[in-house]
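Kindly produce the complete structure, drawing on both the sequences and the hints.
Heads up: the sequence shown at position 16 corresponds to 16 in our numbering, and the numbers run straight through without jumps.
Treat each hint with caution, since some may be false.
Claimed, not checked - Computed list of lysine-lysine pairs in PhoX-like fashion (alpha-carbon distance at most 20 Å, straight line):
id, residue 1, residue 2
1, 67, 371
2, 124, 371
3, 67, 282
4, 375, 157
Rather than coming from a laboratory, the hints here were simulated on the basis of the structure.
All values reported here derive from a predicted model rather than from experimental measurement.
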Amino acid sequence: MLGWYCPTWMAKNIIEGAALRLTVNTSSFIFAFLIALSGGLVFSLLSIPVPWLLGPMSAIMIADRFKGLSLSWLRSLRDVALMLIGYSIGLSFTSSSVENIIENLPAMLIMTVILVASAALISKVISRLSGVDYPTVLIGSIPGGLSQMIIFAEEMKGIDVTTVTFLQVSRLLMIVFVVPFIIFGPVFDISHMKNELAGSGPFIFDPFMFFIFSIVCILGVIIGKELRLPTPFLLGPLLGTAIMTYSGYTGPTLPTSVMDASQLMIGGYIGILLKPEKLKKKASTIILALLSGFLLVIGSLVLSFFLSDALNIDIVTSFLSLAPGGMDQMGIIAHEVSADLSIVSGFQIFRLFFIYFVVPPVLRWYFIRRKINRKEDSH
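Structure (structure tokens):
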């Protein structure tokens, strides 16, 4: 009798515990979602650039600082948002835009190498000023490869993963905040307006094409995961939709409200990522991250003027192509200002693949050589 009772009692406790955790997680997500929604509404009423990205992000970051307040966000929402953004960007890849990207490949390589080299140089200076070891600062400052650089930091011995994570996330947050204000500020003289672009606008429902492109996006994610593509939920649908669009098929545009919702889903997710309380040296690391991000933005801004002249493209498209943020965030901003989405995403994709597949082995080789040279010097 006791043998039967014990497993039953244990199973009952496990089920009750799981139900309690589910209730807590659900309530913390609903609360976080309402806070994010409020932030988006406030920023929208204040006419702040990219309100449905920056508003939820700001509101969540502020609310998450209060003790006793438990907030959580569903990763699946972020994944859905990435699929929507990838699809909308993919619609801009017409045959003429793809030919334009191929012509610009040399410029993409040169600008990417300059940007990564600038990050390495900035990291060297900041490392000396702050006292934080150079490899940690360098990995935390490489632009555009947040998840890959964090994974790489975990694999390398002697790297402070917490500092790398904070540097990458806070740099991304700062860039997402700063870039819209640069775009809409006096530098480019653009009035803030909601534009109808490729991928967003009045929704014309075509059941057949909607079904076809939905299947393409889902298959894109599955294939992207199998091929271990960086950010498969974004790149899979983007590449799949781009191939369909380049082949002459026209996918339905998404309503502006759907694009706003995707911004909210990503904004809430990013807002919860940052956890300053886990840092050992909060003040110095925050200053370090802000300085690194600021210098990278300034460097990108300067390079964008050269790129604009070299390729004969508008300065906004040039700046967003080089801005050291995430491709999804830069794509959202490009939507807002009618920048050339195919060029922006082309440059961002090229840099993403460069950082994922070229930078890690180069860094690994450099750190090994650095360690060997130090051992030789000590002898």
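Verification of the hints:
1. 67 with 371: violated (43 Å)
2. 124 with 371: holds (16 Å)
3. 67 with 282: holds (18 Å)
4. 375 with 157: Given pair residue 375, residue 157 holds - Cα atoms ~16 Å apart, limit 20 Å.
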